[in-house]
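A.B. asks: So you can see what is in the structure, the chains are spelled out below.
Number of protein chains: 2
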Amino acid sequence: MTDAGGYANRIAKVDLTKRQVLYEEIDDKLARKYIGGRGLGVKYVFDNGTDVEPLSEANILCLMIGPLTGSDASLNCRLASVTKSPLTGTIVDSHSGGYFGSTLKWAGFDGLIFEGQSEKPLYAYIENEKLELRDASDLWGKGVFETTDTLRDRLGNVNVLSIGIAGENLVKFANIMNDAGRANGRGGTGAVMGFKKLKAVVVKAKMNRVKPKNRDLWAKARKEALDKVMTAPVTEPGEGGLSEHGTAVCVNEINERGSLPTRNSQFTMFDKAEDISGETMTDTILIDRPACDLCPVACKRLTEVKDGKWAYRGEGPEYETIWALGANCGNGDLKAIGYMNDLLNDLGMDTIEMGDVLAVAMEASQRDLLKDGIEWGDADKMVELIKKTAKREDVGWALAEGTLGAAKIFGNTGIAMAVKGMGIPAYDPRGIKGMGLGFATSNRGACHLRGYTPTYEVFGEDVPHAELMDRLAWQGKAELLKFLQDWFAFVDSLNVCVFSTFAWPTEVYAKLASAMTGWDISVEEMLRIGERIYNLERHYNNLCGFTAKDDQLPKRFLEEPPTEKPSKGSLCELDKMLEEYYKLRDWENGIVKEEKLKELEII
Amino acid sequence: MTDAGGYANRIAKVDLTKRQVLYEEIDDKLARKYIGGRGLGVKYVFDNGTDVEPLSEANILCLMIGPLTGSDASLNCRLASVTKSPLTGTIVDSHSGGYFGSTLKWAGFDGLIFEGQSEKPLYAYIENEKLELRDASDLWGKGVFETTDTLRDRLGNVNVLSIGIAGENLVKFANIMNDAGRANGRGGTGAVMGFKKLKAVVVKAKMNRVKPKNRDLWAKARKEALDKVMTAPVTEPGEGGLSEHGTAVCVNEINERGSLPTRNSQFTMFDKAEDISGETMTDTILIDRPACDLCPVACKRLTEVKDGKWAYRGEGPEYETIWALGANCGNGDLKAIGYMNDLLNDLGMDTIEMGDVLAVAMEASQRDLLKDGIEWGDADKMVELIKKTAKREDVGWALAEGTLGAAKIFGNTGIAMAVKGMGIPAYDPRGIKGMGLGFATSNRGACHLRGYTPTYEVFGEDVPHAELMDRLAWQGKAELLKFLQDWFAFVDSLNVCVFSTFAWPTEVYAKLASAMTGWDISVEEMLRIGERIYNLERHYNNLCGFTAKDDQLPKRFLEEPPTEKPSKGSLCELDKMLEEYYKLRDWENGIVKEEKLKELEII
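Protein chains in written order, with this note's numbering: chain U, 1 to 603; chain R, 1 to 603.
What the hints contain is simulated information worked out from the structure, not anything from laboratory work. There's no promise every hint is true.
Pairs involving identical chains hold if they fit within one copy or between any two copies, as the list cannot separate such chains.
[Claimed, not checked] Derived pair list, reagent style DSSO-like, types lysine-lysine, alpha-carbon separation capped at 27 Å:
no. : residue 1 : residue 2
1   : LYS142    : LYS371
2   : LYS555    : LYS220
3   : LYS306    : LYS388
4   : LYS120    : LYS381
5   : LYS371    : LYS197
6   : LYS142    : LYS306
7   : LYS13     : LYS197
8   : LYS598    : LYS300
Required output: the full structure, derived from the provided sequences and hints.
C.D. replies: Here's what the structure looks like:
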């Protein structure tokens, strides 16, 4: 067995067509270039070729952790799923927390690569450094909750990744659920799993914390990191906004700044924001604050509605979900949102994309493009359409295509609040301009997590290493975003939770990575690794045909000035930011040049 | 009233939002540049702007005839519908024959332009140089046959253009049916009509043959034209293949040459070709040979199945339909094809696209991409899916998106035999190479009618002005196609039936056009006008983002050599032909250069 205490890594390559499993070591040079998690996953997907249909035998699905996963560092336990996205046609990585990642490490693996397609439903069982493929015929057709429970009943104390019926039905934004309550949410990685007929991945292992190569440095770095998490205004346990109210603390913050996309971004404020805010959640449906492995922040929520038609008990909802199914759809009923969130977890679908798709259906109805459609805020009908989407029933065939796909079907792409086919998250680019550039240039489509500019544009005063920038100015945002994108690519490869960036400056990551791996990784090398990963993703997309023309925003953000006060009259100056951004990236027409690929040692 | 005897033209501009009708004369200079029909329609659509969603108030629908329509020339009565296509996003023109065009001329119009969108269903009634908008609430939801019959019962001897429920439901390949049995088929012009809530256009007028400006020249030209139609091997009444067996005469001809796309182009010959051939149709279900206005060829079929589950009586099926719903779907039952054709006419959907979409569903089922799918040749299930498509029920939501749209939804664009989003017609580019270049460069997507190379590649010996070329060679096809595309653009603007090209060399069109208009139009000017129209269409598409990258063929035609003997081992050398073609067109990366636009007096 590979020494779990160092950074020598082991992956399983699983051919589902042939039902073969191969075990491989990861080359050290490759590991230093791409670190782990997102970085290595992207490299594997790239090496598999770009001319691949996402839903075909030729596509691969990588489930990857990073060098810190399973260690005793806080906020360490993230799991990356990397593949070619059936939603966007780009490369995609999505992440979840919880415990699965750490357990996978303890069971002897740093990554799993699934190739081919099984004829019959299977699940992968991992224990004692081995991966076994088992029949999952009895699980096919079951929801995530029942699948997870069944596997736990059968196998004991295990962690379970699984897809719901949405993944089975190839819904383009089906997700992979991690221990039922956490989601590798964006980009349809669950549909790839469904196509491969891989219902679940189960891992069993005893805790066996990864030992760092440089124990002294590790002890210091780990303490510094933990101290910062314990005291930073955003993350401080108990007191910090994330800890007290969860991610939903953003609802009021973003709404007050006229940046909460409302009714499919026709407005920038929601009159019922208070009703669906984190504060209201804390006062009403919140019953507990679960945490991921070794995380003192515990931003996760456990919520419950005891009676009535919205009765449920489950994890979430997160800020993005509350926005997507709330303000975005003109729905101010927090209990209904909680119920839908739980339903979506069971069906295995991305709550953000679902909210965007429902908003498209609502605007299509408003514009007379959809017969027997859906009114703004009609929660009962939302539930009906969510179920139809997962089952691909009736109009669900259209909704299952995602925000842009559905808008195309309804006949008006202008109502799709999407970039590269992925629906936007909960930040209006007219009110937070850096996010506009972020959505436009993110390698997986409209995404806030490739470089979270609100840390600087909104929460700057509460983040020790950040400075508050004018959210309505476009100047300086290109430089900020490039830095964040490179940094976050490294963070996602370590795999550390991005919420650590509210507490840790760049040095902390460099120290943790150096201590764990024994390599001397400077902040400069770290950012270069991040840049390498970002450019490799971009290069992948270029080879798939994506260029500057795809770095766009929905016209609404460029041409329709908001009338609500906080962002009144503001439009997103995307072109100006893009011009600066391309210069900083040294890209031509959005394309990574050969010299750049060489300079970054990608080729 | 404009003198119907000359070529001064009158159009009605109908604003459906405001319920306003304006009458305008067409400027003589403009008419000489674009002639009529397709050319003028394209110019109007271009002037309306390219940044227009096809299904939006901003799009316009032009119904245009040409200078010969309503005259006593044979094969004259075509009607062009021109708009931005909801299927492809390109400019599109589609055509039908029959009587509507002539009657429209006699009622005092050379074109109708519909703008905006009505709140309630309307139909347009045209008589005595006036157009009136009338309520069509009682017709909404009715099929084409009932709509046509109802309007005739109500209004007497009228010609009726109408959409079926497919157009109402915005099926992307809904067509406009012309007197119930003829179709403006390709590109979803019926969906545009449906979006506008325009159920029908009705015209009433007494015959009043258009008088030419130069009567002597006309008499000669008209006689020459008619003589050629009466004697050319393809068109000769009674004896010619088109006349005797209708367009379905192609089934055996094309199959024998290993060029009949079978089972979604997985094969190039169909073992049941004989069963669905024109000869078999003549011997079995044929009951009459109706004709368009003043056409001695009478290629139209009236067919009937008296008993059993396929019982129907109606116009068609054409060769393309027989192929699309027959060989293409592995279905060898001619009666079932006749029944489906009739059903599709009533629902108002393009039979070619429907066949391609069904073949996609069949291959998706074969590849396990579609649950509870459809087997090759399952005619009962085909009927079920046709109905679901028109109604947008269940998987019909996917099928209603057309060949490429459905393949995207099923998750594999490689199984879409489509170009620019439009499904291919009945010629395999591996067996008839010029058609491959034609599909790739046609401005409306995969189309055989922008330049029908089989005239030279297959039927050369039977066409007096043509020479037979080697169908399996790529050499010379670029030059042939460019010539045909320019010529056909003129033919479609005159508006004369393209089947005339089996009988008439270019001079005949120049003479007819000159005699009718009084202008001295040489063959050179004619081809320049055609080139102008073709380049304006291309320029429109360029402005919509279409470039060389969209001039592609499904990989199957480039990479999978047929195993059946007649075209065994042959692949379509598209790149070589494209290189020559772009040179001949003087396009860069598929884009019309500014100098070219100026040279052709487009700008």
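A.B. asks: Output the numbers, in ascending order, of every earlier hint that fails for this structure.
C.D. replies: Of the numbered hints, 2 and 8 do not hold.
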